Amino acid sequence: MKKIIISCCALLSFGLNSCSDSFLTVESANQLYVDEYYTTDARIFEALVASYDPLKWFDYAWGQYTHLGLVSDVMSDDVYPGGSDENDCAYLHRMFNYKALSTSVVSDLWTTFYSGVNRCNVVLENMDNVTGISDTNKALYLAEAKVLRSFYYTWLWKLWGNVPYYDVNLEYPYLHDQNTADEVYEGIVTTLEDAIDNGGLPMRTSSAWYGRVSKAMAYMLYTEAVMYQKDETRYDKALQYMEEIIDSKEYGLVADFASIWENDGEWSTESIFEINYVSTNGARSWGSPITAGGSIYPKLIGINSLSGSADYESGWGFEPVRTEAYEMYDGSDTRRDGGILNFSTYAASTGATYSGRYEDTGYFLKKYLPRNGGNAGSSGDADMNYGNNFRVYRYAETLLYAAELLVRGASGEGSAQDYLDEVRTRAGVESVTASLDNILNERRLEFVGEGKRYWDLIRFDKAASVLIPDGGYRTGTWTESKKYLPIPQSEIDAAQGTLTQNNY
Amino acid sequence: MKKLLSFFFLLGIALTVFSQNIQIKGVVVSGQDNEPLPGVNVVVKGTTNGTITDLDGQFVLSVPSDCVLLVSYVGYKGQEIAVKNSRSFRIVLQEDTETLNEVVVVGYGVQKKSVVTAAIARVSSDDLLHVAPIRVDNALKGLAAGVTVTSSSGQPGSASQIRIRGIGTINDSDPLYIVDGMPIDGGIDYLNPNDIQSIEILKDAASGAVYGARAANGVVLVTTKAGKEGKVKIIYDFSYGFQSAWKHRDVLNATEYATLMNEGKMNAGEAPIYADPSSYGKGTDWQEELFYDNAPIMQHQISASGASERINYYLSAGYFKQDGIVGGNYGRSNYQRLTLRSNSTYKLFDETKTRNWINKLSVGVNAAYSHIRSTGITTNSEYGSPLGSAIAFSPLLGVYEEDEEAVYAEYASVENFAPIYDKKNGRMYTIAGSDYNEITNPLAALSLPGEIGRSDKFVSNFWAELQIWDNLKFKSSFGTDLAFWGTDGWKPVYYLGQSNKSEKSQVWSSMYKSLVWQLENTLAYDKKIGKHSFSILLGQSAKKTTGRYLSGSNYYMVEEDGSKANIDFTTGTSANGDQSVSGSAYSPSTLASYFGRLSYNYAERYMLQATVRRDGSSNFGSNNHWATFPSFSLGWNITNEKFAENRPGWLTSTKLRFSWGKNGNESIGAFGYVALTSTGNNYYFGSGDGTLYNGTKPSGLANENLRWEESKQTDLGLDFGLFDNSLSFSVDYYKKITDGMLMTMSIPSYVGESKPTGNVGKMENQGVELETSYRFKVGAWEFKIGGNATYLKNKLINLGNDTGYNNYDSYQNVGTISRAENGQAFPFFYGRKTDGIFQNMEEVNSYTYTDADGEVSIIQPKALPGDVRFVDVNNDGVIDDNDRTKIGKGMPDWTYGLNLSVGWKNFDFNVMLQGVEGNEIFDATRRTDISYINLPSYMLNRWTGEGTSNKIPRFTFTDDNNNWTSSDLFVKDGSYMRVKNVTLGYTLPSKWARKALISSLRLYVAAENLFTFTKYEGFDPEISSGGTSLGIDRGVYPQARTYTFGVNLNF
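Chains as they are written, first to last, in this note's numbering: chain B, 5 to 508; chain Y, 52 to 1102.
Among the clues, some could well be false.
[What the hints assert, rightly or not] Simulated pairs of lysine-lysine, DSSO-like, Cα-Cα distance not exceeding 27 Å:
1. B:Lys103 with Y:Lys164
2. Y:Lys279 with Y:Lys164
3. Y:Lys552 with Y:Lys475
4. Y:Lys884 with B:Lys103
5. Y:Lys284 with Y:Lys76
6. Y:Lys552 with Y:Lys578
Derived by calculation from the structure, the hints in this document are not laboratory data.
Predicted model, so just to flag it, every value in this text is computed and none were measured.
Use the sequences and the hints to build the structure in full.
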């Protein structure tokens, strides 16, 4: 009997043991090992595309509405958060009142920015394994990844200040020291300088590649960081970059301010960088919100229960524009009605009606309102697929940066007054003296709803005096400690004591 | 045949030798159904003189007039009958249920119950007979200690959550299902409960160990029926029932609603909306409109079985159809199941009498096919599910729009505006205005076509068993589980409300296919040497799962015609992005195993069993493919000891059991150990519509050291049998620790990639299980009482992250409502503690905190009279999110079942009670972010002035105090006791039945969920949403109260 058992067992184990390890090794049916993947130009380009991908998540990705313009402007004096009440997107209302909590803050942005950082690093880390790539492309891709990573870090730095800054993706145990805001800044500008000097970036991308990083975009980002840091040692360089853009004649102001915001105005001659959203075939949906397609932001700020309008579709009533923001313009300023919709005027000419939501003012951010048919052809959820690109940098800002830098004493060729006049002339208003106050004011007039004002107030040291209780919805006051938002609590918790909370 | 001949031969001798014999005749029938029993042995005691009964159960025998007859039949209790002077006999044999119960199915074999050392619960076909379950998982409810079955919803076809000995892991805690030796993935929905012979639940580690890698959450072994020797048995069963909701939820009527809305406005300092609330009367009762009363439920079952010396067969067909009580009348919540089964065994040769090697070969096949067609509505969701909407939709709104033209005018700017019409009367359903977010008219929502799920499953298992030598058997089996499933759906152009609409019609379809095959070889040897009994099992198993899917959709149907809702009936083009398609093979997953088991007992006094299984799984990297899972168990039949011989007569048996073992869990998905490419991270470049470029990134962070989740379990049990085992009692204590629990590693999100899975958690479950049963007779009355109770204590020891907690369920606008935390039950309800209502301003101002410097501050400065007083749990002087704490849990402390059967003459009566105790429900049925939705009736008890309420806060639209943040105000007692089943049956006397050419006919009426005793005011206290979520009510689909009428026919 024993013999039989033994031989049976032997037979069994022989038959199976030999092949069982290969039996247990399975291959994915539709994926490759990523460590062995990035070997050609085409494939590393895919990694580069993936690092652009998070740009389009800003409006909505994991449950929070975190459009960069919205998030910035609710903290400014141009708009209200709106929605149904204070509980509707409470984090926006809290940030509006400078009462953000580590558990109620734009934490989704944190995740989005770092996804971008990680993906840019994938490009940088894998480039050495790529064969058969031209030196031009190699330099270009590396520069794009560096500029994009700096873009993501710049926003982290502006919102939270003291954040972990890494340029090689983390490995077990996946922790990185917290860096000071100054260290983060240093990382950003030196990376940008490197990318600008060594990248071979075109001043303006060809139309087929609109949306990719250009040299002008890198310059704008650089200047934004330098100005926000008030890093006087780099003012000359920043000015030099601005003037290079101006002198290149690749960009210029569009005559009709209102046209910038229409579909045809996308990537106009004025446009230096936009985040591309496409409605046709736009596949974003509530089930897969980070897929490619349009934006939900226009729907979010659209006019609630709008009817009788041939121009706009209705929306959810977020981000109403403050009355003061509308009333600050000179009546002849084309930027007023080019950028803001005064509903009572509009209703008088069209008979349109709407029903106001919380913090309703009757003024809406025309720049990004959902145009009628603006989500046409979407294949996902229509509300999430408006084609309105987000204008990140416009040439007008180049002129205003140049003017400001000159006033601030940077040495350059041009005239601050000329630059400022150019912007005002286009808007159809009289010249004013190129003083810092006037430039700050001009930036407000020019960029309502574009996410610039709040940061301007901070860097002009005006935030504490301007961002105060307004006798209405805003009861909180901005103080120096509000400069950096509370770091999301989940990050503090997971960082094993390596992150110190900001003193918000 | 040979046997028969020899009996005739014997008969011949008998006739010649004993000439003084008398001729007797008789009939042998079964006590259960009065059916004649063919093939029964009738022998004169002490002789070889005998016969067997013919097909009609009759026998003729010549015997000495003073002899005693021995009547015996497999599966029945033998009888001795004194012939005396009778010439004609009617012998009633009782089924020997004890004999049947003596054998317990264990993995890869059976074991005598008396020597079982593990903790195994058994549910027999008898137990199931009385509850007439529709689904197998539901059948286990209340029948077995240690098994917690929670219906996820009353929606036809929805699976229950089954937990064996608690929640073993925060991951997949579903048990392993083995049907006739074949592991079944994706639940055992496909089984027809009528085909089940027994269900064994392997609860402790020692019994589950033979399934090692997958047994950590317990094993459910299902054995389907086989034929029995004797006359062909044909059974037909039909039942028809009516289902209705047993309870509506109390919400405000129109007058109350208008009153509260006004109050909310006024408390917010705004003008009231409704001038005269009472003018609205009762308004629309949306639940009344929604619930489908007397929804039909129906089934047909037919089976044929029998056995001869060489062939054993069981064939069955079943058809089951159920309409849901919500949406069943709209074709949106319906279920149909067709099942076919063929179980057969063939004895190819049996030479056990002639030689002792290679002397017996049997082959068998169990094959089952099922087809399921189901439709379902969204349930237990606050985002516009029909039930969620019915309790939230304003009672002021009518079902239909009164002025359809005005509606068209109002929505003139909506592109492709298509309101929904009632198909029955052509009227336009009321459209939800913008006040209601996702909440829409539930009837209009149900009128949409929805989607149909279809599933075809073919499970078969072929085996051969060869007796090699003595009791050494080699068995080889090959099983397949081939499943095809998918959904088909379409939507027209429609407008339900601002956030639920469709501007273009769409058709979608998906098809999935999976194949699991398993090859197993076992070698079993049983031997008894004197008082030593051995049983050895060695085996090998290999299993592979493969599959693929294909799905697609397209917009623009040629016509909105549901009967032609196919993708080819659409005109959308891929160029316009209307079409979507996806498909792939699944990455295969494999499991390879070797196992061995040794069972030994000495005179059935001392028992020992040791099991070891070595498993390899493809879900781990090559460094961790393999893991070993050992276990052992010991038993001691105290009453078989010499010293126990003089015990009292009523103490029949006493057994002490102990077991320890380690099991594993590998269900974590594939490729956690390596980073793959992930496509679809795309971006548009270019002007205008641009061009979409493909982006590729790593699939996530990998953990190459990923290994098995392990659970170690210790079990101590004691079994008593009293009064000849008519009263039995059994108690078990166990402690189960799951170690290396797999979960997403808690690392900061700033790594910028999805986080890896790691073996980081630890969970503990311990509990006590009690089981008792008592059967007795009083005259013609037969009673059987069974009860079981389970006490369970679950504790998450380590979640494996640094905070020691993790948030789980959340509710719109309320935030986190459940959480996992070290040292607590997993998961628990999470929120603030309340301490009544501020009755006046003085109370607000006197609710203060004094800090270390002696400075006094008001704890809730924003509160007004009528607002909730929250407990400052962390004692820091402010009420915020840090004051949230444990406010309840969904898992009950006690789960129990009670079963009573009474038989009297031809009547049978059965009641089954089932309940839970010590759990809470989080009542998340009220959206606090939508102002104008309807409110639960408890809001009528709100605070309206000093002394009016100390529990429910005032109703206001400006809630600066955050009265309705997650708190114990939402948490309700979830205990309940349910009269789960009541059945009354009557079996026609056989003489009447026989006239109709049937051998027996039983008529019965049954009621399911007849009464439910609970304090909970929601639709149903039984709530689970799958996964780890338990006891969170977002408008659960209640289980129906069902009245059924049925007939069993035996031919």
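Status of the hints after comparison with the structure:
no.: 1; hint: B:Lys103 with Y:Lys164; verdict: violated (67 Å)
no.: 2; hint: Y:Lys279 with Y:Lys164; verdict: holds (21 Å)
no.: 3; hint: Y:Lys552 with Y:Lys475; verdict: holds (22 Å)
no.: 4; hint: Y:Lys884 with B:Lys103; verdict: holds (24 Å)
no.: 5; hint: Y:Lys284 with Y:Lys76; verdict: holds (25 Å)
no.: 6; hint: Y:Lys552 with Y:Lys578; verdict: violated (72 Å)
In this structure, the earlier hints numbered 1 and 6 are contradicted, and the remaining ones agree with it.
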